[in-house]
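Trainee: These are the residues of each chain, in order.
There are 2 protein chains.
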Amino acid sequence: MKTLIVYAHPEPRSLNGSLKDLAVATLEGAGHEVRVSDLYAMRWKPVVDAEDFGPSASSRLKLVADSGRAFDTGTLTPDVLAEQEKLLWADMIIFQFPLWWYTMPAILKGWVDRVFTYHFAYGVGEHNDVKYGERYGEGTLAGRRALLSVTVGGWESHYAERGINGPIDDLLFPFHHGILYYPGIEVLPPFVLYGADRTTDEEFPNIAKAWEQRLLTLESTEPIAFRRQNFGDYEIPSLSLKEGLEPAGRSGFGLHVRP
Amino acid sequence: MKTLIVYAHPEPRSLNGSLKDLAVATLEGAGHEVRVSDLYAMRWKPVVDAEDFGPSASSRLKLVADSGRAFDTGTLTPDVLAEQEKLLWADMIIFQFPLWWYTMPAILKGWVDRVFTYHFAYGVGEHNDVKYGERYGEGTLAGRRALLSVTVGGWESHYAERGINGPIDDLLFPFHHGILYYPGIEVLPPFVLYGADRTTDEEFPNIAKAWEQRLLTLESTEPIAFRRQNFGDYEIPSLSLKEGLEPAGRSGFGLHVRP
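Protein chains in written order, with my numbering: chain D, 1 to 259; chain W, 1001 to 1259.
In isolation and in its complexed conformation, chain D is listed as follows (with noise of 0.2 Å):
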């Protein structure tokens, strides 16, 4: 398995840093390639501007035309091209980060920003009668498959079912779905480590082996069942999901993972 790791947090000697230096020691031990994106380290640049797409770059920028054009020219630059490459040669992405404000933090939001270009991560395939782009389940990082590992302040309770701060699903819905199985990723569960500003060092072994057993189970375990845009389930182009093919009951974000 060849597994690309974007890890986003300042702190080496964070939990962050420890789960990350764990995931790789862990993987490598087992056999299988890791490469390790470390955004704070390599200084990533977090903000889409015309420097991204050189001469392709209108005098009036327009992102997505003008992105569009430095992916399929080659002039994109060196850093989001070197992000890109890694993508294609992953086969599993694992994203390491704290929830800050119940998303992700922005060195990590713009990686997705600067990388998930026109041509590349959006706006591929034909839009025709039966299909409306390859996105949601196809696309150009069909095949792989990737999994959150995410640190969380506050208490599990507060992230269930009827906890104030929403349930942690729902929360994560925006990357899983609309990030990652958009240009077609498959998603796996999410690694959710609760009240981890009060972890202490006696409670970091128990932690350390749950994440070991997730690692070493990442090829047997089943992905979120999201259903396929261009497969019957919704309507072409209003893009709604057909009625009737939910649970009685369910409703929101639930509505897009078959039963």
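These aren't lab readings, by the way, just hints derived from the structure by calculation.
Every residue, glycine too, gets a C-beta built ideally from N, C-alpha and C.
Hints should not be assumed to be uniformly reliable.
Claimed, not checked - Covered by chain D, according to a simulated footprint, are these stretches of chain W (three or more residues, beta-carbon under 8 Å):
| no. | region |
| --- | --- |
| 1 | 1015-1029 |
| 2 | 1058-1072 |
| 3 | 1200-1212 |
Unchecked claim - Derived lysine-lysine pairs resembling BS3-like cross-links, with alpha carbons at most 25 Å apart:
| no. | chain 1 | residue 1 | chain 2 | residue 2 |
| --- | --- | --- | --- | --- |
| 4 | D | K209 | D | K2 |
| 5 | D | K131 | D | K86 |
| 6 | W | K1086 | W | K1002 |
| 7 | D | K131 | D | K2 |
| 8 | W | K1002 | W | K1209 |
| 9 | W | K1045 | D | K62 |
| 10 | D | K45 | D | K62 |
| 11 | W | K1045 | D | K45 |
| 12 | W | K1062 | D | K45 |
To be verified - One side only, chain W facing chain D, incomplete, derived with CB under 8 Å:
| no. | residue |
| --- | --- |
| 13 | S1157 |
| 14 | R1162 |
| 15 | G1163 |
| 16 | I1164 |
| 17 | N1165 |
| 18 | P1174 |
| 19 | I1179 |
| 20 | N1230 |
| 21 | Y1234 |
| 22 | S1238 |
| 23 | L1239 |
| 24 | P1247 |
| 25 | G1252 |
On the provided structure of chain D, position chain W as indicated by the hints.
Mentor: Below, chain W without anything else, positioned relative to chain D:
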């Protein structure tokens, strides 16, 4: 009304830039005071790191504790202090941004990550048997209102109740509820423009009219009725919504809005 506009787009001549300019002109024309944080023009530093906390940074960085100590001792960086001051000055905050990959651009997330420090936006108030800090309806920024003005590439049906991208209210919930309502800000229903990449110059006058109409009625618009944390709807400290408070069939993020 004192309005702060936090604006995140790299191209001044974009639809987002035009909506920001129109908001300034419309609100000033109606006699309101307006300040703008133009994050790209300010070259806003989007990434939290040890430099944010000056002498309060631990050698092994602890984001929560270090940001709280820097806030308490006035040693946050001038750029962060200036944004906190603007938030305290404002009674209305408008966020103007494009939805990129189902959430805000990295530069705006970085504004949240850096400005919403411990003891300013979270870690405020007592924890006891009837109160779990001042948050979700109480906090430093109580008494203020906010509005998200968002441009979206896809079609409105793709963001409807059964749309493949998920309902727009659910996609915006982490920002509305988790970021704004958390430190006490009341949140107005968003202003959302769909199909933004295909908007023509001919369509702009109608968009402008709708936006002016929203801007001139901000003070009389009812906020989203999010449930307050410490006033009987939630168990403490599990912060689980008490049974039976919601209309039949409501689930997910929608539980946290009063019927």
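Trainee: Now, for every hint given, state plainly whether the structure supports it.
Mentor: Right, here's what the structure says about each hint:
1. Chain D is given as covering the region 1015-1029 of chain W, and this is violated because 0 residues of the stretch bring a CB closer than 8 Å to a CB of that chain, at least three being needed.
2. A count of 5 residues in the region 1058-1072 of chain W with a Cβ less than 8 Å from any Cβ of chain D is obtained; the coverage claim is therefore met, three being the minimum.
3. Note: the region 1200-1212 of chain W has 0 residues with beta-carbon separation from chain D under 8 Å; the three-residue rule is not met and the coverage is violated.
4. Restraint check for K209(D) and K2(D): satisfied, since their Cα atoms lie roughly 22 Å apart, inside the 25 Å limit.
5. For the given pair, K131(D) sits about 28 Å from K86(D) by alpha-carbon distance, which is inconsistent with the 25 Å threshold.
6. Straight-line distance between C-alpha atoms of K1086(W) and K1002(W) comes to about 10 Å, which keeps the hinted pair within the 25 Å bound.
7. A distance of roughly 31 Å separates the Cα atoms of K131(D) and K2(D); the hinted pair therefore is violated under the 25 Å criterion.
8. Note on K1002(W) and K1209(W): the hinted pairing holds, with a Cα-Cα distance of about 22 Å set against a maximum of 25 Å.
9. Pair hint K1045(W) plus K62(D) holds up; C-alpha atoms about 23 Å apart against a cutoff of 25 Å.
10. Only pairs whose Cα atoms come within 25 Å are accepted, and K45(D) paired with K62(D) is accepted, the gap being roughly 19 Å.
11. Straight-line distance between C-alpha atoms of K1045(W) and K45(D) comes to about 10 Å, which keeps the hinted pair within the 25 Å bound.
12. The hinted pair formed by K1062(W) and K45(D) meets the criterion: a straight-line CA distance of about 23 Å does not exceed 25 Å.
13. Against a cut-off of 8 Å between C-beta atoms, the interface hint on S1157(W) holds, since the closest Cβ of chain D lies about 4 Å away.
14. Here the hint on R1162(W) is kept, as its CB sits about 4 Å from the closest CB of chain D, short of 8 Å.
15. A hinted interface residue such as G1163(W) counts as satisfied when its beta carbon comes closer than 8 Å to some beta carbon of chain D; here the least separation is about 6 Å, so the hint holds.
16. This hint holds: I1164(W) has a C-beta 4 Å from the nearest C-beta of chain D, less than the 8 Å allowed.
17. The interface hint given for N1165(W) is met, as the beta carbon of that residue sits about 7 Å from the closest beta carbon of chain D, less than 8 Å.
18. With its C-beta approaching chain D no nearer than about 4 Å, P1174(W) sits inside the 8 Å limit, and its interface hint holds.
19. Annotation: interface hint on I1179(W) holds; nearest CB of chain D at approximately 5 Å, less than 8 Å.
20. The closest approach between the C-beta of N1230(W) and any C-beta of chain D is roughly 11 Å, which is over the 8 Å cut-off, so the hint fails.
21. Hint status for Y1234(W): holds, given a least beta-carbon distance of 6 Å to chain D, under 8 Å.
22. Interface hint at S1238(W): satisfied, since its Cβ lies 4 Å from the closest Cβ of chain D, which is below the 8 Å cut-off.
23. The interface hint given for L1239(W) holds, since its Cβ lies 4 Å from the closest Cβ of chain D, which is under the 8 Å cut-off.
24. Given the 8 Å rule on beta carbons, the hint for P1247(W) is violated: about 12 Å separates it from the nearest Cβ of chain D.
25. Nearest Cβ of chain D to the Cβ of G1252(W): about 4 Å, under the 8 Å cut. The hint holds.
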